[in-house]
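Chemist: Numbers -20 to -1, 1 to 142, taken from mature numbering (1 follows the signal peptide of the UniProt record, and there is no 0), label the letters of the sequence shown in order.
Be a bit skeptical, because a hint or two may be false.
With beta-carbon atoms standing in for the labels, derived distance ranges [stated by the list, open to error]:
| hint | residue 1 | residue 2 | range |
| --- | --- | --- | --- |
| 1 | E31 | G135 | 20 to 30 Å |
| 2 | V98 | F66 | 30 to 40 Å |
| 3 | A(-1) | F77 | 13 to 23 Å |
Think of the hints as simulated: they come from the structure by calculation, not from any bench.
Nothing here was measured: the structure is a model prediction, and the numbers come from that model.
Glycine is no exception: its CB is placed at the ideal position from the N, C-alpha and C atoms.
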Amino acid sequence: MRIIALAAALALAAGAQALAAPPQVDVTIGPALQAKAEKTYGVRDVRELAEELKQGVERRLARSGAYPDARVELTLVDAVPNRPTFKQMTDKPGLSFESFGVGGARIEGRIVAADGKVTPLAYQYYETDIRWARHQSTWADADWTIQRFSYGLAGAETFARR
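Can you make the complete structure from the sequences, with help from the hints?
Modeler: This is how it looks when you write it as structure tokens:
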């Protein structure tokens, strides 16, 4: 009899969590990064990074159930590639894809909970050791930043703005 009662309680708890909608995630590109995208990096590459941020956060938050019914508003403030982007190589024909450097990204935003509580967010990571960049892809450090941010946010870590 206890097993049936326990199973019923667990089913009710799971049902209540299933009723909560996953958070809505909105990602924008900061004005400085948008200008860099148009002038240097290429708009397509930066849009793909922003879409990766949106999908990564949505996926992780849906799996974890963190911040139900909330709105997550993020801005991709900065991103630095590890290798030349397609636009950079097109603009400078002598540039080689063999070139590499340190990269990273900066993300800011806020979580607006269903009850109206606002939690500001800020996260950044820029690699400092060039030895790790030699075998990386174009946006490897920016991708790493996005993944770490997504995992941390889903784990209910708060990245308080400093």
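Chemist: State the violated hints by number, sorted upward, taking the hints as numbered earlier in the document.
Modeler: The structure breaks only hint 3.
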